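Participant: Here's the letter readout for the chains.
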Amino acid sequence: MSSGWKAEILAVYRKELQTELRSKSGLVTAGLFSFVTVVTISLVLFNKNVNAPGSGLQDISAGLVWVVILFASILNLPRTFLLEEEQGTADLLRLFARPHAVYWGKVLFNILQVLGTATLVSVLFLGFTGTRVSVPWIYVVSLIGGSCSMAGAVTLCGAIVAQAANRAALAGAIAVPLLLPLVQLGVTGMRAAFGSGLVGGGQAAAVGLVAYAAIMLAIGPWIYAAIWKT
Amino acid sequence: MDLRGHLENLNNALRALFALLMGVVTVWSFQVPDAVGFQRPELARIFFWHFPCPLLLTGLLFVGSYFSFRHLVRVQGFRVESETDNRERQLWDIRAVAALELGFVFCVLTMITGILFSLVQWGVWWQWDPRQTSFLLAMLVYGAYFALRTAFTDPEKRAANSAAYMLAAVLPLIFLIFVYPRLPQVEQASFHPTQSIMKGQIKGAYAQVVSAVIILTTILSVWLYRLRVRAGTLELLAEDYGQLETHGGHPAPTGVVRPVSLSDPH
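Taken in sequence, the protein lines are chains A and B. Taking our numbering, the leading residue of the first sequence gets 1, the next gets one more, and so forth. Taking our numbering, the leading residue of the second sequence gets 1, the next gets one more, and so forth.
Please keep in mind that the hints were generated in silico from the structure rather than gathered at the bench. Quick caveat, the model's predicted, so the values are computed rather than measured. Glycine included, every Cβ here is placed at the ideal spot set by N, Cα and C. Just so you know, not all the hints are guaranteed correct.
[To be verified] Incomplete in silico selection of chain B near chain A, CB under 10 Å: (1) P33; (2) L140; (3) T153; (4) D154; (5) A159; (6) L227; (7) A231; (8) G232.
Same shape as in the complex, but just chain A (with noise of 0.2 Å):
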């Protein structure tokens, strides 16, 4: 990568972040909203052994793990683009960086929030329902790919619906679609994890899960790209 790719890319990726740190609204959204709902399913699940063999429980526990960090997801990472056609700041953007900067540089920035929010809900479900990892490396493989997966397709949803009416709701309503397929593949990794799914079906997910991400960054930036002028 030449240092000017590397440069556009950084500042990109630093106006979010002093952006997001100037108003830290994403961060307690989705930090508040993954401890609520990590809080309510903990009572729902209150004096339930989730490690017995057979009670199904631990398949439930790797569905709930992900449907939070979807939701979360959903409602924190278009806003990086929701945000440039509100605020009046996308045309300036489009005559500082290039197109495959700024996708780059958000969804760098998106990476690290659904990373931080994914290791919240992780400690906080694990501490709270008291949830045994068996297989520790295939929980953490699912939950790197799948939080890089779902901020590289919410992110470019952000992109096509930023310039759309009712956009902040048709962003949640296009991205679940796509998503579902890795959500999928994430609880097969973390059932296994969890000791309840064969270990090789869990190490089959977790790569599918990372070969999801590749592509989906690979292909992101083209496509913003040809949207990025319209």
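Chain A is fixed; fit chain B onto it per the hints.
Facilitator: Chain B in isolation, oriented as in the chain A frame:
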């Protein structure tokens, strides 16, 4: 009678022949012996009309995605954007919408015929079978595509952003349609066969009727697609009256605005 008249007659004859063939195949589908190994063998004939639908919806999905790609390639500015290019881009969008609209219709038909089959053979109309689920999710992607199109008033933004979404959706759709139902754990839990053709499980008269229905529905799809593209092109031309072609294929003269009195003279 001129050449146009002859072609019109030929078209009408072909339409009549198509309707006749459709009727013959429908009757034929009731003549073949009942399938074995089904709860209600006589109702297993739903399969004849169910099977071509997912094939067509998948084909149309990839055709629509390719047309969306062609639309976006021009937007990226790989070549100078003249007015002809703009018109060409609009035509690619019309083709993409035509293919995807038709694909959505076949997706709905897949769901309806699949639900009927599930109800009569397996006793429940919905059981989260991996195949049912994957086509439900494919339907959601189609729904999201059309919802996105309604959110833009500017035709150029509508076309470019919906094309971008379709390209982003190709990867999840490939996973849903081709990979997910064939995952070993998923395949074991499903009633739905996934390799019927590859394993040669459809034989004899059943294979002949299914092949005939596939051919006829494909012809019907091509015909409907062409009609939709023609309607879309006419809409495009009507928006720009000055470029509307005359009977001879030449551009019509610029429209003359005639003053009209707003008050009633009587």
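Participant: Hint by hint, say whether it matches the structure.
Facilitator: Here is what the structure says about each hint:
no.: 1; hint: P33; result: violated (40 Å)
no.: 2; hint: L140; result: holds (4 Å)
no.: 3; hint: T153; result: holds (7 Å)
no.: 4; hint: D154; result: holds (8 Å)
no.: 5; hint: A159; result: holds (8 Å)
no.: 6; hint: L227; result: violated (28 Å)
no.: 7; hint: A231; result: violated (25 Å)
no.: 8; hint: G232; result: violated (20 Å)
Figure legend: structure checked against the earlier numbered hints; hints not met, in rising order: 1, 6, 7 and 8.
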